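A.B. asks: Read off the chains here:
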Amino acid sequence: MGITRRNFLKGSAAVGAAGAIALKGEPSKAQLKAPELRTKGLQRTTTICPYCAVGCGLVVDTKKGKVVNIEGDTVHPINKGSLCSKGSALIQVANNELRLGKVLYRAPKSDKWEEKSWDWAIGRIARLMKETRDRNFVSQEEVNGQTYTVNRNDGMAMIGAAALDNEECYLLGKFARAMGVGYLEHQARI
Amino acid sequence: MTNHWIDIQHSDVIMCIGSNPAENHPVSFKYIDKAKDNGGKLISVDPRFTRTSAKADMYAQLRPGTDIAFLGGMINYVLNNDLIHKEYVVNYTNAAFLISDDFEFNEGLFSGFDKGSSSYSKESWAYQKDENGMILRDDNLKDPRCVYQLMKKHYSRYTPEKVCDITGTDLNNYLQLVKTFCSTGRPDKSATIMYAMGTTQHTVGTQNVRSYAMLQLLLGNVGIAGGGINALRGESNVQGSTDYAILYHILPGYLKVPTHTNTDLQAYLKKWTPTTDDPQSANWWGNTPKYMVSLLKAYWGEAATAENDFCYDYLPKRSGNYSYIKLMERLQLGGFEGLINMGTNPIVGGPDVQQIAKGLDKLKWMVSVDLWETETSVFWRRPGADPKTIDTEVFLLPAASSIEKEGSISNSGRWAQWRYQAIKPVGDAKSDAAMLDMWVKELKKLYAEDGVFPGPITDLAWDYGHEEEPDIDKVARECNGFFTRDTEVKGKRFKKGEQVPSFAYLKDDGSTVSGNWLYCGSYTEKGNMMKRRGLEDPGGMGAYHNWSWCWPVNRRILYNRASVDLDGKSFNQQKPVISWNRATRKWEGDVPDGGWPPMNEPGTKSPFIMIPEGYGRLFAAGLADGPFPEHYEPVESPVDNCMTAQQCNPAAMIPADFFSDSDKYPYVGSTYRVTEHWQAGAMTRNLPWLVELVPDMFVEIGTTLAKAKGLKNGDMATITSARGAIEARVLVTPRIKPLVVSGKTVEQVGMIWHFGFNGLAKGSSANVLTAAVGDANTGIPESKAFLCDIRKGGMKS
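From first to last, the protein sequence lines stand for chains A and B.
Sequential numbering of the first sequence, starting at 1, is according to the working numbering.
Sequential numbering of the second sequence, starting at 1, is according to the working numbering.
In short, the hints are calculated from the structure, not lab data.
Keep in mind the model is a prediction, meaning the values are calculated, not measured.
For each residue, glycine too, the CB sits at the ideal point set by N, CA and C.
Watch out, some of these pointers could steer you wrong.
To be verified - If the Cβ cut is set under 7 Å, some of the chain B residues that face chain A in the computed set are: (1) ASN38; (2) HIS260; (3) TYR420; (4) VAL691; (5) VAL694.
As the list claims (entries may be wrong) - With a straight-line cut-off of 20 Å between C-alpha atoms, the simulated SDA-like cross-links for lysine to any residue are: (6) B:LYS152 / B:ASP37; (7) A:LYS64 / B:ARG381; (8) B:LYS364 / A:ALA126; (9) B:LYS445 / A:THR46; (10) B:LYS444 / A:LYS66; (11) A:LYS109 / B:LYS507; (12) A:LYS80 / B:LYS152; (13) A:LYS66 / B:ASP82; (14) B:LYS490 / B:THR288; (15) B:LYS424 / A:ASN96; (16) B:LYS445 / A:LEU128; (17) B:LYS507 / B:LEU269; (18) B:LYS707 / B:GLY793; (19) A:LYS109 / B:ALA385.
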């Protein structure tokens, strides 16, 4: 059944009546017959919006491992429950059929993705990183006629991280420097 | 941000310039509205009449890329009419300092310019000093070599008429706005400047920000409630990712990346640890050795010892500029075998993106980590490309979203707030941290067998558990730092393994680890401070010191010791940030910017503690393109610079083969965002609700240009620049008006930059048109001012 303006209004009236009864604190027939509350059994966690950097708080309600609602955190001192159109749509990031759920690989010259396992992909990527580092490692470099120790891997670049958590950024930086990467940049530059 | 979002409510005047918070930071507008309710005035300065402008008390249109002219005129007005906050300017800024007799400015160039290298040598920009190394000063601000007088002379050229001739602003609007903003030099008044990418994406981007800072210093508006200069960060953790230094030139906490000439740790520390002869300067960066050694200990743990320079050798040394534009140039030359993209989409977000896409064709391998199939991850099937000719191996790894993992992010106000995991990652997705963890573990195995210079990897301190997801709590503890042995610091005893309570306790002898000294204090023995949800607000100022944690040391307003007079009394008694309690001899209110007593007492320190001389810099000798901001035209401009013969920023990053044609491309192009989409689009163009709200790429033009080109609302149009062509739906509005510049009418063309060829909603990328020319200091591309043309019909018509 589609929702018409008429039955939508009827629905709100019923909720209003139930609410009025509940306010008196007296159990009533209407309440006993009412279906189980949709909020029953929900797990609630807080989060911070992943879009702009105002840092609005949100609450995430989940049931059986699935997100059922996300809304503004009314306690949060910055947004006090408000959200913009992007923050309000956050549930569609979690529940979205376009989200990647598999490791994808595109072979040279191929025009399509293939699904791969994590083990295979990590093994292959690590091997490629190592080969690149070993082939392009600059131990010493001549600058203006003088030789300097630079211990730098000029074969690879890493970009991106403004969407990562601080702890992830820390690990990313630690990894990049251990790999000798000098070309390390991200959105903050552009 | 020097201040934070909630603090904006305390402003008497808010100037939004190069920003549009009503649309791009909508919830922040709550605090602009509050300020307005309290009688505050909102000024909007923008090439386009935005929704922020619609809510403003005053609106001024300016031509993209002319902020320095606009601000130069304001500085001139303040100095001519003696509207400065004198006590502040004399005691807290370098206005009184004397500058070398060799410093001069002629025809658009400061002294020391070398044409061959397009750069300045800065010897002539130095302070005059006495035989003890103390800077000479004239507190009467009369000496012709003092900063105040040099500044007065420099900006006397920025008359209101000249300014409006350059910016295209209506003279009466300008004068009214300047008068309003510059009335806040009184101690009991505050003004704030809210800026964003409209300010920074220029070849003079850094100097644009400098000009804001100078105006605010002159008016005594830095460090106070409702004051400051506030960068509205566009990504939820771009503050944190910068603090954590995902950039070629810095290490965590803004330590410098070593260069080739820093041959060992001692040479590095000597080069990058500033010194001062002034006993009244805190010179906080004098602590560099403690922070650097603690970082090296965090990276290489037990292997890092005093005997081996704490593994300083393991850090790569840079010998050039590797910033984004340079990185992309090298990519296009085939300089890289591999590229890793983590949550980024450069062939939509970068400048001149067609060239970046061609560069990707030259890679042997590329890894993209994302929630979605981004344009970059499928560059091999972009329109016009033949996959059969592209040899790149491409990996697309599914990442967990923000609610599928735990960790902290830092907002614009520097608040590090914790996010909890609500659900497991969808499908086979994993957090970015998990991927890094797997790579490192695999590489450690490989390098244990053989490899070139394996030490940095085999010795890397990497022990975050053996679960599928690494132990993020442990990472957060390491970022804060802990003691590596039983030790005593400043009379306090600490046990091995104990968390370091604050960066004041970090050491340079290897007894402390800290992954980011700036975040030392975020996770102490009291627990994870970033998780706090306390709503106490004793001062009633909205500082919420018990909500999350902010760097540094939970100080909510930076430079706050400049908010008080020499006795430590708040300049504004109604809105104190801190004040000195004479009885207890303690500061009350916010965490003070250094706990020393007020300036009138012995043992004090100057308030700008991160600057070696201790004073706010009206004259800044550290910049690449001059100690004072000076107006130059954008690299692509329809007019000549009418201020001097120097057309563009002489030190800007401009490729040798760059060309531009203002006859062929006569209109000023600029890019911007809408509320419903975000950055390069993957996070919004794949969400049905948001796609329904804004389904298409569009180009916005004014009514006169539309008429001239025969364009109507909803028509398709092709927009071209020297880099390429795109198509978009036309939106004709009176929001974008032509400007009259030096007597010439200049039309503007505005575009959103969120779109790309992939995803649920597809469209042309505006960054096909933008140029890879960069700011002299940071290398940020000039995406906000370029030349273009527009014609009726799509690209195939």
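A.B. asks: HIS260 (chain B) was flagged as interface toward chain A. Is the shortest Cβ-Cβ separation under 7 Å?
C.D. replies: holds (4 Å)
A.B. asks: Quick one, are LYS80 (chain A) and LYS152 (chain B) close enough, alpha carbons at most 20 Å?
C.D. replies: violated (45 Å)
A.B. asks: Hint check: LYS364 (chain B) vs ALA126 (chain A), CA-CA at most 20 Å. Holds or violated?
C.D. replies: holds (14 Å)
A.B. asks: Starting from LYS445 (chain B), check that the Cα of LEU128 (chain A) is at most 20 Å away, please.
C.D. replies: holds (14 Å)
A.B. asks: Please verify whether LYS707 (chain B) and GLY793 (chain B) have alpha carbons no more than 20 Å apart.
C.D. replies: Roughly 15 Å separates the two Cα atoms, so the pair holds.
A.B. asks: Straight-line Cα separation of LYS507 (chain B) and LEU269 (chain B) no greater than 20 Å?
C.D. replies: holds (14 Å)
A.B. asks: Going straight from one Cα to the other, do LYS64 (chain A) and ARG381 (chain B) come out at no more than 20 Å?
C.D. replies: violated (38 Å)
A.B. asks: Straight-line Cα separation of LYS109 (chain A) and LYS507 (chain B) no greater than 20 Å?
C.D. replies: Roughly 54 Å between the alpha carbons, so the hint for LYS109 (chain A) and LYS507 (chain B) is violated.
A.B. asks: Given the hint that LYS444 (chain B) pairs with LYS66 (chain A), test it: the Cα-Cα distance must not exceed 20 Å.
C.D. replies: violated (36 Å)
A.B. asks: So, ASN38 (chain B) near chain A? Judge it on the closest CB pair being under 7 Å.
C.D. replies: Violated, about 18 Å.
A.B. asks: Hint check: is the beta carbon of VAL691 (chain B) less than 7 Å from a beta carbon of chain A?
C.D. replies: Hint violated; VAL691 (chain B) Cβ to chain A Cβ min 10 Å, cut 7 Å.
A.B. asks: For a C-alpha distance cap of 20 Å, please report whether LYS424 (chain B) and ASN96 (chain A) respect it.
C.D. replies: At roughly 14 Å apart (the allowed maximum being 20 Å), ASN96 (chain A) and LYS424 (chain B) satisfy the hint.
Hint compliance for this structure: hints 1, 4, 5, 6, 7, 9, 10, 11, 12, 13 are broken, all remaining hints hold.
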